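Asks: Keeping their order, the protein sequence lines are chains B and Z.
Here the first sequence is numbered in the numbering used here, starting from 604 and rising by one per residue.
Here the second sequence is numbered in the numbering used here, starting from -9 and rising by one per residue.
These are computed hints drawn from the structure, not numbers from a lab.
A hint or two may mislead.
Heads up, simulated SDA-like pairs for lysine to any residue below, C-alpha to C-alpha not over 20 Å straight-line [unchecked claim]: (1) K197/Z to I186/Z; (2) K116/Z to F625/B; (3) K116/Z to M614/B; (4) K137/Z to L93/Z.
Not everything, but these chain Z residues come out facing chain B in the computed CB check (under 10 Å) [said to hold, decoys possible]: (5) L43; (6) S44; (7) S45; (8) V74; (9) W80; (10) A81.
Which chain Z residues stay away from chain B? Per the calculated CB distances, all over 10 Å, these [as the list claims (entries may be wrong)]: (11) D16; (12) L103; (13) H104; (14) V180; (15) E182; (16) F236; (17) H258.
Since the model is a prediction, treat every value here as computed from it, not as a measurement.
From the three backbone atoms N, C-alpha and C, an ideal C-beta is built for every residue, glycine too.
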Amino acid sequence: MNTRTLNSLWMLMRREVWESPFAFKWAPLCIGGLIILFTVVMLILGARFDSDMAFTLDAVRMFADMPTDQKRLVVSGFLFASSNLFLQVMILVILFFLAGSLYDDRKDRSILFWKSLPISDTLTISSKLATAALMVPALFLGAIILTHLALLLIASGYALVAGINPFTNLWWPASLPRLWTVMAAGLVVQALWLMPIYAWLLFCSSWAPRLPILIAVAIPAGFSIAQHSYSLISGFKLPELNLGLIMLKRLGTGVLPGNANIDMDSGFDNIQFSEDLYMSFANVGAHLIKPEMWVGLAIAAVLIAGAIFFRRRATDN
Amino acid sequence: MSSIIKAKDLRRSFGPVHALDGVDLDIPAGRIVGLIGPNGAGKTTALKAILGLSSYQGELSVLGLDPARERDHLMQDVCFIADVAVLPRWARVRQIVDLTEQLHPNFSRERCLHYLKATQIRPDSKIRALSKGMIVQLHLALVMSIKARLLVLDEPTLGLDILFRKRFYSNLLNEYFDEERTIVITTHQVEEVEHILTDLIFIKDGKLIVNESMESIHERYTEVMVRPDQLEAAKALGPLHERVLFGRHILLFNEPDREKLEALGEIHRPSVADLFVALMGEKE
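Looking at chain Z on its own, in the form it has when it is part of the complex (with noise of 0.2 Å):
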């Protein structure tokens, strides 16, 4: 299967930070990636990089195409939307939905206006005077209804209530995404999109520490709620990261043996949330 994005060698610096420090990447079609990372990790640097909005050295290619040089090309295939609302103030829905129309040749306004009659968005309503959930419903319709092969979505949620956040990723999973398509996310709200990511990317300091399959992170990662008088006895066979629960020890292992586990206590499968304390968190 092709790549749509791959990635030999990425690097980005802002003086002494290095954003990107040889990030390597090969995401194929039909696949949901998350891209998470703390603060300042080099998640919107990548992202910006893959869009042909900032420059970067190393090898790049997305949709087969050089995104610094060939944006405009790339741009039929790709959309994103950005942390926040960035629909211009100024316009009207109506025209937003014109312009949208007129400048990009994969749109269809008939789906547009569908998912924009599912919402209390009204064509004469400046973009001014819409919430910040409404515009983010807007920006999804329109994306929603371009035929494009990537979409990248940059903190697509940030600062929407939670009925917001659900009905936005159902939208997406159910009205969108399909075999063709690959998704790339970045978001804080792990927990959220945990259920639907097909592959995981932690990101830390311009590196990447994990870039998985969510099939091979299951396999691959274990927690064990450990007995106590099993406690030195996990805590010998090399545990990747340990935090307490209600007097519980919960012990995480990269790769470990599964009998000699399932003798120390209850077994769990990590949820992203808890791999991503472990994994990106302050070694004590």
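This is chain B alone, in the form it adopts within the complex (with noise of 0.2 Å):
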């Protein structure tokens, strides 16, 4: 790959910014804004009903005084815990856009535009793909960023009514560099993890007459209730391997970065809370070494071959 590659494809994934700035740009940040207001709201709330702060200082102190452990606990979970809203949003985002992606421009004929460049269909679909893998987990993070410092800025003001310091006692334990670089490579991580779904709307995307995220859900639902009714009516019992069950189990795994840690099979009973659920590098590395991982970027290549082969045939009709 050589530099004008590079630079078209940066170029190609910037126009996507351009032409969904509300899903990629404001969605994350009308986010975050909602959870400061919430927040806001929440607080002044909480000095109606304790006129002169005595509880809540109280309880900041109480905090102050607990051990470094669990205020690390406390603090970094907590910044955690409010970016699942944002990843939430983040996935239907990303589904949504993938299954527009090489469908839009054929229905509204600028297809003809995009392919007077000089741009080849490989790199269109790669733009497309990095654009749903960094460049929208990049746009989305920054927003989680920018939330996390907010909500730190309103707590250091409460700890400094309270008289505690607020970088011992609430920056230095919410390990930002390592929270949001974790967070970062669970991104990439969860991007490969996703990596089939995403081909999956891709490979759709590219051929769909019409309603490519609608056909994109029906068919594998369609097999998923075949198989059903064949197991049912030849007296078998229920497959363990459904097409559609196998393609939602990814994507609920694959919701938050940390998630993918939780053993879904053995139930939720046996779950601690501890910061190797959402903080450790080694468990983001672990699913890298899963065969499923493999075995779905094997599918992913297969699709996004797919999506080329008709990409390279789409016109505007």
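The two chains are supplied separately, each in an independent frame; assemble them into the complex guided by the hints.
Replies: See below:
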């Protein structure tokens, strides 16, 4: 890949942000705004019940007296939890983006403009995938970081009023560099984990005559129902391997960078709340050596090749 | 001189319909070629094959490349404007210029801004908010700022008013065209392009009916407004087509003996539109 190709790829990714500024830029900023607004409203309500702030400030001081380990768990855990909403919305944004990415320009005929540029179909599709796997997560992570900073600033105000040091009691335990780096790494691993789903949507988008998202859902759903019906009629027990369930499980285990660590099959009873759930490089990295990861990537490669095949033949009708 | 477009036995079928039925083309550099045909004659199919937008059977090479397999290389030297505005509607003018600058190695931003200055298009406008004429102007400004060797125009002025259409072609001719470049135009408004064409291709049911330079067409076809008393004599010479205007019979001949014709009435050079009707109209 030479510089010109990389430059074109970067430009094509920026164009996706230009095309969907609301979903990619304003949606994460709005979520951050909502979280901060919600926090402020709660604090104002709290101040009305606790008029001279005695209980609130006591609570802050009690927090400051906790052992360092626990402070760390509380602050970083709280900040991680505040990013859940972002990440769930992000997955929805990415799924809808991919389903429309090779369809919308066929519908409004602007594909004729894109195809008049000296850009190969492979590069076009790479740009869509890179947007879904890197660009959108980066923008959402940016909004998460801004929200974290705003929440810590608000908390620092309370800490100062309570007479405790916000740096040693809040900013240091938050371990922001580590939290953000694990999240960034987690987002990349998550994108690889979800790559077969992403590739499936892209594949459907490349040929669907209309409503690509419905087609992308209907095909695996239809498969599952047919499979279920067959096993009911034929008297066999329900099959272990069900396409629809496999895809749903992929999505379910991939929604948060952390929750792929949870073993869904053994239930949720033995989950210990600890930093390992969300702040461990080892746990994030562990997904890379799972066979499911590589099977998924192999399936994704086939689907992406299919999408390129159809894109090459696609015109405006 | 090397060929810009070379096709041999080009074919494309949609089910039983032959959109292209054995088309041979050899278009050299520095020509303005009009590809004229009735609706559904295969014009757009031919252009799409040339631009690498659809598959085909037969041999085709554009600028020495195979368009179906090397579209991205080809598009460095080929530009096209399709029959309706196809610029992405969500984009702003400024973004489209930035995009083309970054994605097209032969694009000159200065030239594009120079052309845009002459229009009412503002850099911050959304394409969605521009009129159809303005979108075509913008597209033309983009395309004229690319140093391309082949420009393909598929009904570029469809739906525009006459002022726009005149300006479109005069811009194209005065500011863009030179002997290094080749332009292929399809249009229904034959009269408007007639005077700028160097070559004429008529296509019907996927076959080329005429494929000649304008000079040879002017030499070959002659129209005679026949004096009433000479009508029988004129018809005996085997005209291609006959029409009646204000009671006078006008007959079109292919490679006639000019001296004989001069005796029959006034001789004209047929317009492309008349030629089109004569050669492509349903035989009675």
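Asks: Could you run down the list of hints and mark each one as holding or not?
Replies: Against the structure, the hints:
no.	hint	result
1	K197/Z to I186/Z	violated, 24 Å
2	K116/Z to F625/B	holds, 16 Å
3	K116/Z to M614/B	holds, 19 Å
4	K137/Z to L93/Z	holds, 14 Å
5	L43	holds, 5 Å
6	S44	holds, 6 Å
7	S45	holds, 7 Å
8	V74	holds, 7 Å
9	W80	holds, 5 Å
10	A81	holds, 6 Å
11	D16	holds, 24 Å
12	L103	holds, 19 Å
13	H104	holds, 21 Å
14	V180	holds, 24 Å
15	E182	holds, 23 Å
16	F236	holds, 44 Å
17	H258	holds, 40 Å
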